[in-house]
Amino acid sequence: MSGSTGLLTEGQDLRIVGFLCNWCSYGGADTAGVARFEQPTDLRVIRVPCSGRIDPLFIARALLSGADGVLVSGCHPRDCHYAEGNFYARRRFEMLKQFLSVTGIDPERFHYTWVSASEGQRWQDVVTSFTERIRKLGPATKMAGGTGYDEECLKEIAAAVSLGDQCPCHKEKA
Amino acid sequence: MRIGVFICHCGSNIAATVDCPAVAEQAKGLQDVVFTTDTMYTCSEPGQNEIIEAIKEHKLDGVVVASCSPRMHEATFRRALERAGLNRYMLEMANIREHVSWIGKNKERNTVKAFELVSIAVAKLRNNNPLYANKFDVTKRVLVIGGGVAGIQAALDCADAGYQVVMVEREQSIGGKMAKIDKTFPTVDCSSCILGPKMVDVSQHENITLYALSEVEKIEGYVGNFDVQVRKKATYVNWDECTGCGACMEKCPSKKNIDKFNEGISKCTSINIPFPQAIPKKAAINPEGCLMLQKGKCGVCAKVCPTKCIDFEQKDEIITEKVGAVIAATGYDMFDHSVYKQYGAGQYPDVITSLQYERLMNASGPTGGHIIRPSDGKEPKKVVFVQCVGSRDPSVGRPYCSGFCCMYTAKQAILTKDHIPDSDSYVFYMDIRSPGKGYDEFTRRAQEQYGVQYLRGRVSMIYPKGDRYVVRGSDTLAGTQVEVEADLVVLAVGAESAKNAPALAEKMRISYDNYGFFMEAHPKLKPVETNTAGVYLAGSCVGPRDIPTSVGQGSAAAAKVMTLFSKDKLESDPQVSSVNTSRCIGCMKCATTCPFGAIKEVTDRAGNVKAEVIETVCQGCGICTVTCPQGAIQLQHFTDNQILAEVNALCQAQLDF
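Respectively, the protein sequence lines represent chains A and B.
Here the first sequence is numbered in this note's numbering, starting from -1 and rising by one per residue.
Here the second sequence is numbered in this note's numbering, starting from 6 and rising by one per residue.
Mixed in with the good hints, there may be bad ones.
Pairs of lysine-lysine residues, derived as DSSO-like cross-links and limited to a Cα-Cα distance of at most 30 Å, are as follows [as the list claims (entries may be wrong)]:
1) B:Lys422 - B:Lys470
2) B:Lys110 - A:Lys134
3) B:Lys256 - B:Lys182
4) B:Lys594 - A:Lys95
5) A:Lys134 - B:Lys112
Listed next, the stretches of chain A that the computed footprint assigns to chain B, with coverage defined by at least 3 CB atoms under 8 Å from CB atoms of chain B [as the list claims (entries may be wrong)]:
6) 39 to 45
7) 90 to 103
8) 107 to 117
9) 130 to 136
10) 152 to 163
If you are wondering where the hints come from, they were derived from the structure by calculation, not from laboratory data.
We treat Cβ as the ideally placed atom computed from N, Cα and C, and that holds for glycine.
For reference, chain A alone in the conformation it holds in the complex (with noise of 0.2 Å):
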């Protein structure tokens, strides 16, 4: 990944990508660097306005283009700033967690939160052990490119289909 920079050479970060409600989470977010409470590198934020913002879409794409996590923070339930986004929000992430292993990514990668712009100290909490918890299951497995099919199991039917009327399912068939 540093590759693409060439400024940093060993002890490469990974890749985590944050999103953050405005409001809240960045605020908390900023209440942890004034205070100056040290955090791992690894995070890279992008803002939204509100949790409920976040599409899943977003998630996904993040983890199939490489990263490897994504943190959703946005307000604690009740105290959305735009009164009921983060109730949005925590279906779509809830539903999303079902979806992501049948999409081969593990779900483990994937974590919200609700941290509140005075929740400094939990922000920085919050940070390390989502980076932790990415260290433990390293880097994220590429998305290898090629046709997207298995290729043994393509070789076994194409097998079975130069087997013409000897093929074992033909014969089930008729």
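Dock chain B against the given chain A, drawing on the hints supplied.
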């Protein structure tokens, strides 16, 4: 597009742990970037001028500033862009201070991170469009929640400026904590003598509508146009008719109610006016103690009332008010010392709180201003004050300093000597915190002139011995254990957030901290503003404040409201949703999810149903954008394309295929 990138050193705040020139150099390779530089202080006048000159010289049409949090200086740099003739929304910021330089010490990693944050800012900026604000009307009325000294000051200032004020007070009378206090420090002024006239002004001001014994039920809308629902609780007395004569109080047979105004040290009747200077001076029935309301038998008050204003059928009433701004001045509550088992957990009658002691000293209090022991009514000769009860004590979840206890304890010790000249006072303290005009002199006066014994150390235990109490603590200056026998012990209980403060914060859509105190927009530079436009704060709802600070904040919040009301039209934020009608299929899912009712259904010329955003109502949360199955409704400045561009900039760098 022609983008300029400015990397701020912020003195050494960023430059100490980020290689700013390297980031600027590296950013030259980003797509569409034609100019990069690193500057010492980008927000300073020369720094801003550098941006303006670069825009002109290099014909830039977009700017990325990598510096502090956009929550800090986005507005500053937007104005700089406007001065250079660019649209303010052609700015993106990379937060390389709070999110990079201040949280990590590894310069190499920080530099990489800073560069990547710059690259996602550039990626987003490439998808930005100029946006233009709309104008909308302001309702020039203000809601003040809380009738303590801060709320009173805010209300009077706004009302004097000619604006209509709606004041909502939870208790039966305005005045707050200050109305309960006997004297103020360090001038030893009579508290009710200086507050009383202000309270009267509130009741008589033609621009102020006062709802006492009422609570805010619901706040909807947005800056300039809030719809507020106020629950006016049933008082069972028609206040339009009540003259406050007090005849009902004299005859009421139910006299065993806990007197909340006197902090529970006395009893009161079920129909009651809390204190002689109460505003509004109207009686109200406590339904829990009233024989008529509980058992259906009595009605003595109704018989003796000369204006026949008792109404046992009265119900809570919901009142709707339209306002343009809200000032929250909900104050604080006293810490409940019953968690301190070692101090008797509130079971010893002569171990009382500082506010109860104020009521004992107050001439309008239950003892007429005579200090007596609640247990036997005798005059105490030895009074021990224990400071920091529920302050600076992480073991009870109150690690903060309540700020004013040192001062009121000194005042109470002085007044004790005034009331009972042959008494001795002892103060157990941790540190004396007396920053303020004349404050330290005052605590010294208590010690030197009034002979109050100050003992530096915490109290470990209070236990009864005969009819007295033994206060055991340490004297850390002498390095010994001390035991003081006391007739009366006064606990200087700390301040905590008002009950239900978090629930109210949620109604106003503002943030609160771990203790329930409201969060200001910036702790240093925006002390009375919140992150919700049109909602302001004053007094102890933000944290413990003494009277002069509360009054100052009341005026400050009022000034903010007046600034808001000085314009006839407000500019709406153009970061709102917008519908691409050619993609909209009229399913109206967006309208059902919108928390503000900002989306309406329209029919186009061909008769197809389409969604349309009411721009002044839209608050820009973007819930609709995620809901839309067609991607037809997009939150401007945070469109799918813009956010995906950021994701791509961050993730695709490492993809090989």
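To see whether the hints hold, each was checked on the structure:
1. At roughly 24 Å between alpha-carbon atoms, B:Lys422 and B:Lys470 fall within 30 Å of each other, so this suggested pair holds.
2. Taken as a hint, the B:Lys110 and A:Lys134 pair is honoured in the structure, with Cα atoms around 23 Å apart against an allowance of 30 Å.
3. In summary, the hint linking B:Lys256 to B:Lys182 is supported, as the alpha carbons are separated by about 29 Å, within the 30 Å threshold.
4. Restraint check for B:Lys594 and A:Lys95: satisfied, since their Cα atoms lie roughly 23 Å apart, inside the 30 Å limit.
5. Taking the CA atoms of A:Lys134 and B:Lys112, the gap is about 24 Å. The hint holds against a cut of 30 Å.
6. With a cut-off of 8 Å between beta carbons, the region 39 to 45 of chain A has 5 residues touching chain B; three or more are needed, and the interface restraint holds.
7. Beta-carbon proximity to chain B at under 8 Å applies to 1 residues in the region 90 to 103 of chain A; the threshold of 3 is not reached and the given coverage is violated.
8. With 4 residues carrying a beta carbon less than 8 Å from a beta carbon of chain B, the region 107 to 117 of chain A meets the three-residue requirement, and the given coverage holds.
9. Coverage of the region 130 to 136 of chain A by chain B is violated in this model, with 0 residues showing a Cβ closer than 8 Å to a Cβ of that chain against a need of three.
10. Chain B is given as covering the region 152 to 163 of chain A, and this is violated because 0 residues of the stretch bring a CB closer than 8 Å to a CB of that chain, at least three being needed.
Checked against the numbered hints above, the structure violates hints 7, 9, 10; every other hint is satisfied.
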